[in-house]
Every structure is written in structure tokens, then in C-alpha cells.
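Colleague: Each protein sequence line maps, in turn, to chains A and B. Using the working numbering, the first residue of the first sequence is number 1, and each one after it goes up by one. Using the working numbering, the first residue of the second sequence is number 1, and each one after it goes up by one.
Read the hints as simulated data drawn from the structure, not as lab findings. These numbers were taken from a predicted model, which means no experiment stands behind them. Be a bit skeptical, because a hint or two may be false.
Reference excerpt, derived from the structure (chain B facing chain A, CB under 7 Å, subset only) [to be verified]: (1) Thr7; (2) Asn9; (3) Thr14; (4) Met44; (5) Glu46; (6) Leu47; (7) Gly48; (8) Leu61; (9) Thr64; (10) Val148.
SDA-like mimics (lysine to any residue), calculated; alpha carbons at most 25 Å apart, straight line [as the list claims (entries may be wrong)]: (11) Lys196/A to Thr64/B; (12) Lys196/A to Gly62/B; (13) Lys199/A to Pro111/B; (14) Lys228/B to Cys210/B; (15) Lys94/A to Gly125/A; (16) Lys274/B to Glu237/A.
Virtual Cβ for every residue (Gly too), placed ideally from N, Cα, C.
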Amino acid sequence: MKVLVCIKQVPDMESRFKLNAAGNWYDTADLAWRMNEYDEFAVEQAVLLKEKAPDTELVALSIGPERVKEAMKKALAMGIDRGVHVQDEASFEKDPYQIASVIAEYARNENFDLILTGMQSQDRGSAQVGILVGEMLGLPAVSTVVGFALDGQVVTAKRELEGGLKAVVKVGLPALFTCQLGLNTPRYPTLPNIMKAKKKELTAIPVATLLKDEALAVTEKVSYPEKRGSGLVLEGEIGELTTKLVALLKEKTSVFK
Amino acid sequence: MINDETTLNVMLETVARFVKERLIPIEEEVSETDHIPAEVVDEMRELGLFGLSIPEEYGGLGLTLEEEVNVVFELCHAAPVFRSVIGTNVGIGSLGIVFDGTEEQKHKYLPALASGELIASFCLTEPEAGSDAAALRATAVKDGDHYVLNGTKRFITNAPEAGLFTVFARTDPADKGARGVSAFVVDAGTPGLSLGKNERKMGQWGGHVCDVVFEDCRVPASALLGGKEGQGFKTAMKILDKSRTHIAAVCVGAAERVIQETLTYAMERKQFGKPIADFQLIQAMLADCKAEAYAARCMVVDTARKYDLKKNVSMEASCAKLFASEMVCRVADKGVQIHGGYGYTREYAVERFFRDMRLFRIFEGTSQIQQTIIAKNMIKNAS
Ligand SMILES: Cc1cc2nc3c(=O)[nH]c(=O)nc-3n(C[C@H](O)[C@H](O)[C@H](O)COP(=O)(O)OP(=O)(O)OC[C@H]3O[C@@H](n4cnc5c(N)ncnc54)[C@H](O)[C@@H]3O)c2cc1C
């Protein structure tokens, strides 16, 4: 079996974000980078499959500048067999449709039985890329997966629905799944495995050779929400408080009019 | 020297995550119970932490010293007792074999030390020979194809857990100085080797030190490190040049943690109607801590780089160890001060760090001994 795992490198979410000069994304200077958390679930799922079926081949793909190799190294250290780095200095300017089409273009002739992606990225959060890749390749796509069991060529996946419900979906391979929190606990890449990952194959492909499509939805501008006035804390005895509150409500709102 | 920045960054991320998720949450419990849970030590083994400095050909990671100190900065954002568990395998306990061991000794011990299956210890200090280690009295007398060891070693880190003891003893009774000293690698369980009771220490609870006593302890001649007599003290000094830089890195990591804890506290704690971090007297303390920790970090990295270039760093390593260990005690003191009364209670990590840090000015050469080494080098280089 051949599995593709798509991973994105995102900033450490505890970072302080500043906007870039163009105002269409965050400034990438001085950020610490991590593998998108949802993609870690995808990597872990792939590695679990390989542990059961050692002849499985695991390939990880990531689009972005040189630094995304770090996220790929981590995937390789966790147990992915080889990496494909699609070199793109401006991946942040591409819309989800373009990113998906680059991945689909790469995957089209590679005959993957299974494609795993994160449910969404922690920074852009469009939750579109996985689903679009499935569509472009004509594969069934199952989103927000929190359970995964493979039996022969059939996957029984558990999906998280709204309102606390879960759904069980059966789908034949080849297929694509987007992974959600709760699917598994990603392993720590151990230091010896990180060293060994140095020897694993990491091929580079310039994005231009895979990019065929124009963006459909261009991000014009990003901004912080406007600062709202801070809340007001009333202090004092209960009776006094009620009087103050009523006075305030009369003054500032139409509740008592 | 950093061989591959990307690989190192992935390692640092792993260690940072382990520190945050697994070590910091149990710090207080480890201290209270004077015990690190076995499963956590196993996780440290699995992560590969015991093998940081052991060459790759013997199953370790073979990190350069610059890479190692970067890992140590990260690891020591957790209580220093966790570093102490791996400390002897990464440093003083194993380096003798790495530097000067015979091929047979390397093959016999290094893979098990790298995996953490075997814990090493370093037995130099004696009741009557602390700072003046060259005056040690333990003896090793050749008897056929054996040596017979006698003597008492004091304050031996990880001795209760150790499977291997690197022991320094006098093979030439006529030479009372450094040249009469040889090093031996002795397995735990060798008849004649026994342990004293655990010392009740000021800090770093969960880590253990005790006496190691040799009474007519017979070891095969193959236990002589490197197969050569009279080299022991030289080996010990080589070990210390490297491990002092490592200890300085421990101090930097710990200082960074104390600063982070203290900054968070100062920004939250309100007095006189505002966060105490708004007061300039608090800011001055915070700034001094930051500047000193940064200076020490730079010293550690610079020394490590020179070491990796095979330069003699005796003086630099002593400078780094002296400054970093004194620095972290000042930082821990200010950390307690900024926490006020709360910093004097067990509720806050700074109280524990304040006690834990005090050791670093004492072991692997006291601050006075570092000063002596630095000045000796200065004078030698000038004359
Ligand atoms: C928790 C702990 C763990 C340890 N682990 C190990 C270990 O694993 N292996 C090991 O071999 N040892 C270990 N040690 C021992 C440690 O290295 C010694 O305690 C240290 O070297 C100091 O020796 P001492 O205690 O005998 O003090 P002393 O040498 O008696 O020193 C007492 C005081 O005199 C000062 N002094 C001594 N000589 C001079 C001088 N020439 N000029 C100026 N001042 C001087 C010292 O700086 C100190 O202030 C450990 C100690 C502790 C507390």
C-alpha cells in the first residue's frame, strides 16, 4: 500500500503575530515554526498503519520555503519513509484551490491508495485543501476523522459531527481522509530517529512544475478585530450595586425606557 | 559547531515538548517524594537523552558540544534533577571511556551507556580530597592480572543507580601527586564495592549521591582505563573541561526558566493598583537577570564552539562555569525576591530552584577553584 500524508508548517500558535507589509498575511520574521497539529494526527495514523503492515510506503509532501524541511524532518523521524518538498517561497499567497491543485498534480500519477491530511491548518483554517484534493483526483473524501480502521481495502472511519454526535463511514480505497483532534496521540520523534531521518530521501520539486491553476479566492487583507472597550466592573454592597447598575443601564441602553 | 541546523531544531522541539508535557508537571512530586518515576526515566531512555555525547558508532547521537549545550538549555527549563539522571552518562561518567578507553572498553560499555540501560558514575572526590583532587588516597595495587582497590569516594552522583563506576585511584604510592593516579572502570556488584547511605541534600531532590567504598575490591587488569597507568588525572581534567561547559549550560537553562516564571508572576501580581512589573525597581531586577543569563548563554556557546574546533578551552570552560553558576544563583535569588512571600513557599517553583541552584557553585570545581584555574591560565599565557 502507498500512502501520501500532506503536511503544512505553521507558526507556533503561542507566537505574537504581526501583519506583513502588504497586509495580506502575518509577518513571518521571528516566528518559531511547527508542524500543523492536525497533520501530526495524519502522520501518526500513517505510521500506525505501517507498523501493522510493514511493506506500506509512506510519503510526506509539504509545500513552502526552505524552512518547511523542518516539519518534514519531524515527519520522517516519526516514521514516514520519504519526503517530497514542493519548493515555494510564496505558498502563503496561494489560495486553498491552488495548494490542492499542486498536491493533486503531484499525486495524480503516483497511485496512492490512501491520502491523509489534517482537518485544517492552524493558521489559515480554510479546511478546504484535503477535500479539494479528493475532488480533483476523483476520490471519496471523508472529513474530520476521529477513528480509523483499515480492513483489506475498506476503511471504517469515525467522523465527528456537531452536537457531540459521531458517524461511522465505510469507504473503499483509494480514498482521502482529513484528520481531527482525537484520532490518536502523535508520538514524540526520538532523538535517534531524528538523526536517522537525515539519511531518508527528501526530494525537491519547484512549485512551478506542478502549479497549473490560477487562484480562485485571493486574500485581500487580514487584520485584527477592532479593539472593543474593556468591560466595566462594579464594586460595592449589593443594594448599592443594583442602584449603580440600573443607573448605568438607563444611561447607556434603552432597556429601561 | 552545528552539523545540521534543521535536525537540531527538530530535536530541540522534541525536548521542549517533553519538558513541557512530561517533566514540568511532575517536578514538585519528584521533589516531594525524592524519586523520579521509573516510566519517566524509561521515556528519557527512549528519547535518546542518555546518548547525547556518545559517538554514533557506539550507539549514541554523537552530538558536537555546541549541539549538546543547545539540548541542555532546553532540557534544563525543567528542574535540574532530570538533567542529573542523564548527566553522568552524557558527561563525567562516560567521557573517560570515550576519550581514553581501549576499544574493548568502548565496545563493552558505551552502547549500554548510550541507551541508558547502564548508568555511569564518576568517583573522584574523597573525604580528604575535594578541591585538591590530585591528593586522593584511594589505592589500586597490582596483584597478578588484577588490581586491588581500597578507599572511600564521597558525594558520588547517581551511585545508588549506577551499574558502572569510573574510579580514580593511586597506582604509584611513591608519587603523591597527579601522576600517580590511574582510572578504572568497575562494574556494580564487584565484591568489595559497597555504597554508603544517601546524603540528605539541600536541593535537587529525586537525585541521589552517596559514598562509594572499596575494600579489597579486586578488578581485572582490563579494568584499567586505556590500559595505561598514571594517566588518570589527565583523563579527569579532560572530562572536566567538557563537562564544566555542560554544567554552565545547565545553569543557563535553569536561569531562563526562573526568569520566565518570574516575569509571568510580575505581570500578574498587583500591588498599589498595578502589576508589580510596572515598578522600575522590579524591572531593574528583571533586566539584570535577563542580561546575565544572556551573557552566560553566549559564553557557553562560544566555549562549545571552540571546543568543537579542538581548541584548548580549560580557561573558557572555567570562565563559563564560574559565571553561569554564580549568575543562576543571583537570578534565583531575584526570582524569590520578586515573588515576595510566595517565593518563600513551596507553592512556587522559584523556591525549589533557589535551593537546587546552589550546588552548581560547588561541584565539578568550586567557584574558587574555577578562579584559580582562570588566573593560572592568565598568568601562564602572559609569561
Ligand atoms: C551533590 C553533590 C554531587 C557531587 N557529585 C560528585 C561526583 O559525582 N563525583 C565526584 O567525584 N565528586 C562529586 N561531588 C564532590 C564535589 O566535586 C566536591 O564537593 C567539590 O569539588 C568540593 O570539594 P569539598 O566538598 O571537599 O570542599 P573543599 O575542597 O574542602 O572546599 C571547601 C572550601 O574551600 C575552598 N577552597 C579549597 N581549596 C581552595 C584553594 N586552593 N583556594 C581557595 N579556596 C579553596 C573551596 O572553594 C570551598 O569554598 C559532588 C558534590 C555534591 C555536593
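Colleague: Against each hint, give a clear statement of whether it holds in the structure.
Modeller: Hints, verified against the model:
no., hint, result
1, Thr7, "holds (6 Å)"
2, Asn9, "holds (5 Å)"
3, Thr14, "holds (6 Å)"
4, Met44, "violated (10 Å)"
5, Glu46, "holds (6 Å)"
6, Leu47, "holds (5 Å)"
7, Gly48, "holds (3 Å)"
8, Leu61, "holds (6 Å)"
9, Thr64, "violated (13 Å)"
10, Val148, "violated (40 Å)"
11, Lys196/A to Thr64/B, "holds (16 Å)"
12, Lys196/A to Gly62/B, "holds (12 Å)"
13, Lys199/A to Pro111/B, "holds (21 Å)"
14, Lys228/B to Cys210/B, "violated (28 Å)"
15, Lys94/A to Gly125/A, "holds (14 Å)"
16, Lys274/B to Glu237/A, "holds (24 Å)"
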